[in-house]
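Participant: Here the protein sequences come in this chain order: A and B.
Every letter in the first sequence is one number past the one before it in numbering that gives the first Met the number 0, and letter 27, counting from 1, is 26.
Every letter in the second sequence is one number past the one before it in numbering that gives the first Met the number 0, and letter 106, counting from 1, is 105.
Derived from the structure by calculation, the hints contain no laboratory data.
Using N, Cα and C, we set each Cβ at its ideal position, and we do this for glycine too.
Be a bit skeptical, because a hint or two may be false.
[Said to hold, decoys possible] What follows is a list of derived Cβ distance ranges for each label pair:
id, chain 1, residue 1, chain 2, residue 2, range
1, B, Leu-11, A, Trp-34, 42 to 52 Å
2, B, Ala-110, A, Glu-55, 32 to 42 Å
3, B, Ala-87, A, Arg-17, 11 to 21 Å
[To be verified] Stretch by stretch, here's where chain A covers chain B in the computed footprint (C-beta under 8 Å, at least three residues):
id, region
4, 4-14
5, 25-31
6, 133-140
7, 152-159
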Amino acid sequence: MLINTTKGDMDAATLEKREGFVDNAHEHTTWVEYWLAGELVHRSAHVHLKIGAPAEVTAALFA
Amino acid sequence: MANTQAMCTSFLEKLLVGGHQFGAVTLASRGSLTVPTKDTFKAALFLASATVNASTAAYSASGEVSGAGYAAGGIAVTNAVDPASTNASATAGTAYWTPSASLSYTSVTLATAFDSVLIYNSTQGNTAVSVHTFGSQTVTAGTFTLTMPTNATTTALLRLATT
Chain A
0 MLINTTKGDM
10 DAATLEKREG
20 FVDNAHEHTT
30 WVEYWLAGEL
40 VHRSAHVHLK
50 IGAPAEVTAA
60 LFA
Chain B
0 MANTQAMCTS
10 FLEKLLVGGH
20 QFGAVTLASR
30 GSLTVPTKDT
40 FKAALFLASA
50 TVNASTAAYS
60 ASGEVSGAGY
70 AAGGIAVTNA
80 VDPASTNASA
90 TAGTAYWTPS
100 ASLSYTSVTL
110 ATAFDSVLIY
120 NSTQGNTAVS
130 VHTFGSQTVT
140 AGTFTLTMPT
150 NATTTALLRL
160 ATT
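Whole structure, please, built from the sequences with the hints as guidance.
Facilitator: This is the structure we're talking about:
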């Protein structure tokens, strides 16, 4: 598999792959990095938002 | 400085004066436009060091990410599903909307940490809609994808609720 890197397309087999994730109430995020001889040459991230921004709407009451 | 997830206050005001068009609607005549077309909304990424929040009234490039493959102003939001609303009781309900596709910034290098996206209306003077934060990220010759929450009353990207 070819990976787009800062040095052009490279065979994934020649690179060190590192992956990670974050999961909390707000998001589930995964990321993948490819390293070449200690140099980061590719990093992608995928953030899945779990919840958006709410706003409360209020109608006044005539008591 | 920091970014804060929020619905922009000016957005709420603009809603009251018909300043945003998220979906199809047929209006009684207001003198001219009775079947307005949808506005175009865009999504711009902001540095973790920026300050975008409820006070943000319009898109500005100040504090926006920059780097190879990223165009200032961000990308267009896919909006194929009109806003919806559901009543929860005689006194409460929720109107909600979510973009109909993920936001994907492909083949970019964003070396400085970013942690938020500003949704804004590029048809109506770049007026701000909302700010959404996430864990700080960088991208190197890669893709940043922001998948939307489920389009429902309790999770949608934008929710206007009465209680």
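Participant: Okay, the region 4-14 of chain B and chain A, do three or more residues pass the C-beta test at under 8 Å?
Facilitator: Holds, because 4 residues of the region 4-14 of chain B bring their Cβ atoms closer than 8 Å to Cβ atoms of chain A.
Participant: Taking 8 Å as the C-beta cutoff, is the stated coverage of the region 152-159 of chain B by chain A satisfied by three or more residues?
Facilitator: Contact hint for the region 152-159 of chain B vs chain A: holds, 7 residues under 8 Å.
Participant: Does the Cβ pair B/Ala-110, A/Glu-55 satisfy 32 to 42 Å?
Facilitator: holds, 39 Å
Participant: For the region 25-31 of chain B, do three or more residues have a beta carbon lying closer than 8 Å to a beta carbon of chain A?
Facilitator: It is violated, with 0 qualifying residues against the three required.
Participant: Lying within 42 to 52 Å: is that true of the beta-carbon distance B/Leu-11 to A/Trp-34?
Facilitator: holds, 46 Å
Participant: The hint says 11 to 21 Å between B/Ala-87 and A/Arg-17; measuring C-beta to C-beta, is that right?
Facilitator: Violated: the Cβ-Cβ distance is about 45 Å, outside 11 to 21 Å.
Participant: Please check whether the region 133-140 of chain B has three or more residues whose CB lies within less than 8 Å of a CB on chain A.
Facilitator: With 7 residues in contact (Cβ-Cβ under 8 Å with chain A), the coverage given for the region 133-140 of chain B holds.
Consistency note: the structure conflicts with the earlier hints numbered 3, 5.
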